[in-house]
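Chains as they are written, first to last, in my numbering: chain A, 1 to 177; chain B, 1 to 313.
Don't read these hints as lab results, they were simulated from the structure.
There may be inaccurate statements among the hints.
[Said to hold, decoys possible] Calculated lysine-lysine pairs in the DSS-like style (CA-CA distance at most 25 Å, straight line): (1) K123(B) / K11(A); (2) K159(A) / K2(B); (3) K84(B) / K88(A); (4) K84(B) / K161(A); (5) K88(A) / K82(B).
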Amino acid sequence: MRYAMAIDTNKCVGCGDCVVACQTENNVPHGYCRDWIVESVDGTYPSLSLEFRSERCNHCDNSPCVRCCPTGASHIEEGGIVTVTHNKCIGCGACIESCPYDARYSHPDGYVDKCTFCLHRVQKGQKPACVEVCPTKCLHFGDLDDPNSDVSLAIKDRKWKVLAPEAGTDPQLYFLT
Amino acid sequence: MKEELFVSGRNIPNIDPYLNIWHWQIPLYLFLGGLAAGILFFAGFYTVRGKANQMPATVKLAPILAPIALVLGLFALFLDLKHKLFFWQLYTTIRLESPMGWGSWTLMIITPLSFIWVASYMKELIPGWNWKFNILERFEALVIKYRVALAWVMMIYAIILGVYTGILLSAFNARPLWNTSILGPLFLVSGFSTGLATIIWISKDAKERKKLSRIDLVFIFVELFLIVHLFMGFKAGSQTAIEAANLFLGGPFTVSFWVFVVILGLVFPAVLETLELWGYHVPKWLPPVMILIGGLMFRFIIVEAGQITRYLY
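Input sequences plus hints: build the corresponding full structure.
Encoded structure:
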């Protein structure tokens with residue numbers, strides 16, 4: 001099993017629903033967020049291209065945050081989901097330094113927090129909150145090992161990219177372009 | 001032209017607009033760790049070579065500072081933790097892949113060793129010192145008997161500690177300025193140089209100081225050589241590495257790095273130490289103070305600048 005997400009950058013309008021849904025579902029403290037939207041404008045007027053990306057933890061296969069954690073608080077759950085055990089985390093910040101995507105932050109309660117792909121929902125067979133609320137249906141979640149899952153079907157016939165593949169982390173967010 | 005904006009209004013404390021999760025505690029620890037490593041290495045080195053009596057400051061007096069520096073460094077690390085009461089979790093696991101895991105265990109070993117080393121010289125340093133408890137007296141006798149073996153262990157751990165202060169940073173692939181294998185040797189050499197500077201400052205024996213100054217000059221030279229290589233490597237690297245180097249070559253850290261670290265912290269003290277070796281009068285405290293301030297600045301600048309550098313996408 002390998003959970004992954006595909007983000008259709010052509011469909012995303014940058015409304016921010018995924019961000020609010022995540023903050024509500026996971027009780028993210030005010031001023032923090034586990035997912036965010038990047039608007040990327042490339043080129044020179046009049047030939048400009050625009051891309052919206054709903055970004056979050058890439059749940060990398062070769063995750064530097066898990067490798068550098070001195071206590072084992074950062075670990076990989078079934079399906080490749082990277083999570084943090086709160087009462088094992090000492091808040092040293094090593095994982096925050098190690099993440100090329102700046103996807104982790106220090107929670108006001110001391111431990112390091114990040115996107116969990118809504119593990120608590122996934123375990124019940126539900127989709128992550130951000131995927132559930134997306135009004136343009138541009139987020140696709142599922143098991144890459146299952147050829148009929150949402151995510152497998154989404155990336156099957158489309159061009160996609162991952163962010164900073166040169167960082168060698170083998171990220172699992174697929175941005176459909 | 002490419003412009004990227006967080007349209008969902010991301011502004012997380014210490015993460016945006018650029019990463020700044022490690023403040024003064026980490027560079028201060030890196031400095032104190034390197035300093036202690038330098039002092040302990042040379043104490044061990046001259047003990048192994050049987051020159052403990054010719055080098056009294058190196059072997060007996062200066063090591064008193066090592067446990068103090070280590071304890072202060074450990075306290076700084078403790079202050080850095082955001083979940084402080086859970087710090088003991090470091091010692092309930094062995095994580096071979098985590099540099100910080102290695103570092104915490106190294107400190108767990110070298111800190112007591114440094115205390116034992118200092119304790120074994122207490123009677124020579126303070127006449128009339130007695131341990132009051134018989135078991136401590138017997139332990140002291142045992143340590144003195146096996147001092148050379150202890151010196152070997154201490155030297156090895158001093159090298160691990162010195163290299164570790166660099167590897168802690170260089171293991172972070174996500175920060176291009178740190179992600180270079182030169183950082184380990186560079187921090188080792190710089191740490192040993194600050195250790196030597198401290199011993200030179202403390203020593204009252206002209207012969208000992210002359211000897212240590214000569215070694216320190218070699219270390220300063222090697223450090224300058226490694227700094228040049230660091231930037232050569234970056235400039236020949238990928239775009240992320242080039243941008244990391246540009247922070248120091250025209251960017252916001254240019255003046256602080258080249259003036260305070262390289263010129264005032266390395267070149268100038270090297271010139272002064274050379275003049276002293278040639279017989280000119282140089283205030284005894286001046287070169288060591290410059291090296292120590294330069295070493296501290298070096299770590300602050302590298303930690304701060306490294307967090308600004310990142311992958312581009």
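Going through the hints against the structure:
{"no.": "1", "hint": "K123(B) / K11(A)", "result": "violated (78 Å)"}
{"no.": "2", "hint": "K159(A) / K2(B)", "result": "holds (21 Å)"}
{"no.": "3", "hint": "K84(B) / K88(A)", "result": "holds (11 Å)"}
{"no.": "4", "hint": "K84(B) / K161(A)", "result": "violated (40 Å)"}
{"no.": "5", "hint": "K88(A) / K82(B)", "result": "holds (12 Å)"}
Figure legend: structure checked against the earlier numbered hints; hints not met, in rising order: 1, 4.
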